[in-house]
Amino acid sequence: MALKQTLKELWHKLGSPRWFYQISGPWVTGFGVLALLLLGSGIVWGLAFAPPDYQQGNSFRIMYVHVPAAMVAQSVYISMGIAGLVLFVWRMKVADIAIAACLPFGIMLTALALFSGGVWGRPTWGTWWEWDGRTVSTLVLLFLYIGIFALREAILDSQMRARASALVAMVGTINIPIIKYSVDWWHTLHQPASITLTEKPTMPAEMWLPLLVMVLGMYFFAGHNIITRMRLEILRRESGTRWVRNLVLPEPTVKGSG
Amino acid sequence: MNPKRKSRLYLALFLLVAVAGTTAALMVAMEENINMFYPPDQVVDGTAPLERTIRAGGMVKAGSVSRDPESLQVEFTITDHLGSDFIVSFTGILPDLFREGQGIIVQGELDQQGKFMAREVLAKHDENYMPPELMDMVAESGKNAEAKAAAKATP
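Those protein sequences? They're chains F and B, same order as listed.
The letter at position 93 of the first sequence is residue 94 when you use our numbering, and the numbering goes up by one with no holes.
The letter at position 83 of the second sequence is residue 579 when you use our numbering, and the numbering goes up by one with no holes.
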């Protein structure tokens, strides 16, 4: 009962952009520091110290960028879809801010996953791009991100913009299981997952440990980037209110004329 | 929950289910096209069309690769290790990962005799990664492990 009460209170507080701004300050710093540490050590570990692959040699190291980018790109989309549902049903302002903040980072990561996949595919498969289930569904993810971004730019009315983008974000989550299971449902050029939650990884620890570090680092980087964007957007939208003015100009009367 | 939110929640869920259902129906209808390649058994049993550009994939059969000493022409057999084989003929440069036992995908046409005239050969990487030293160790005990896995797979 107590837990339910706390969750209910949290839910109501989340409706307030001001509360979110005030509580999220330390997260930005924490996530940023963790991202820097993990991504920094993971990339050196993966690119310089992990052993080469018996078939691909050194080109397999591209996965230390490719896998985190692709995984986090999909996770960011899922969060955006949940924010879409919250906005669509509960009309929560913070959810719209979250959708807006997820878009640039999601576009960047999806593009990075596609690009690094091509760079890896060229020496490994013998082609930059092949129209198989995995690559096409990932391309659809990129177009979904870009489409929602464009939609938001095109609609001037803020309420319409919020609802339209929430709807597309929510419905677009259907693409995520398609990306995930594309390699199992169909014959694809892309190989099935090497690391899953349920089974033993198909590579030794000295290869998957740096990958795990990179994936965690990428999640923290996403948290850092998205929350920073959300905070900026909150300040912009609430710039007329007293609490923002007090925040930016703590003591307006003390300042001398210039 | 107030009734307005409840109806919006139902609308959202209905939309999700409807779009998921439509997508699923489309994917089932287009399965032939979404599958990137035909596996060996479908090439052998005639599911794969003749004299049309298609892709087929499988493992390169050990000991089947024969190169023409005069040109870049190469012939090899693709198998699924379950009894379905077909012969591929290709002229050109093979990808680095091409070797016997490797999974590959060929693009080209099947001729009337069931021989695959490939225009493009792609190496399919599997989900296994390994350092070279470890691979040497595995290669030694490999046949043992393979036999065990096969015994497990057939109950």
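The set of hints was computed from the structure by calculation and includes no laboratory data.
Positions of the beta carbon are idealized from the N, C-alpha and C atoms, including for glycine.
Be aware that one or more of the hints could be misleading.
Reference excerpt, derived from the structure (chain B facing chain F, CB under 10 angstroms, subset only) [to be verified]:
1. 501
2. 519
3. 523
4. 546
5. 578
So, going through the hints one by one against the coordinates:
1. The criterion of a C-beta within 10 angstroms of any C-beta in chain F is met by residue 501 (chain B), whose closest approach is roughly 5 angstroms, and the hint holds.
2. Because the closest C-beta pair between residue 519 (chain B) and chain F is about 6 angstroms apart, less than 10 angstroms, the hint holds.
3. With a cut of 10 angstroms, the hint placing residue 523 (chain B) at the interface with chain F holds, because the nearest CB-to-CB distance is about 8 angstroms.
4. A distance limit of 10 angstroms between C-beta atoms decides the matter here; for residue 546 (chain B) the minimum to chain F is near 19 angstroms, and the interface restraint is violated.
5. A hinted interface residue such as residue 578 (chain B) counts as satisfied when its beta carbon comes closer than 10 angstroms to some beta carbon of chain F; here the least separation is about 15 angstroms, so the hint is violated.
When held up to the earlier numbered hints, the structure conflicts with 4 and 5 and fits the remainder.
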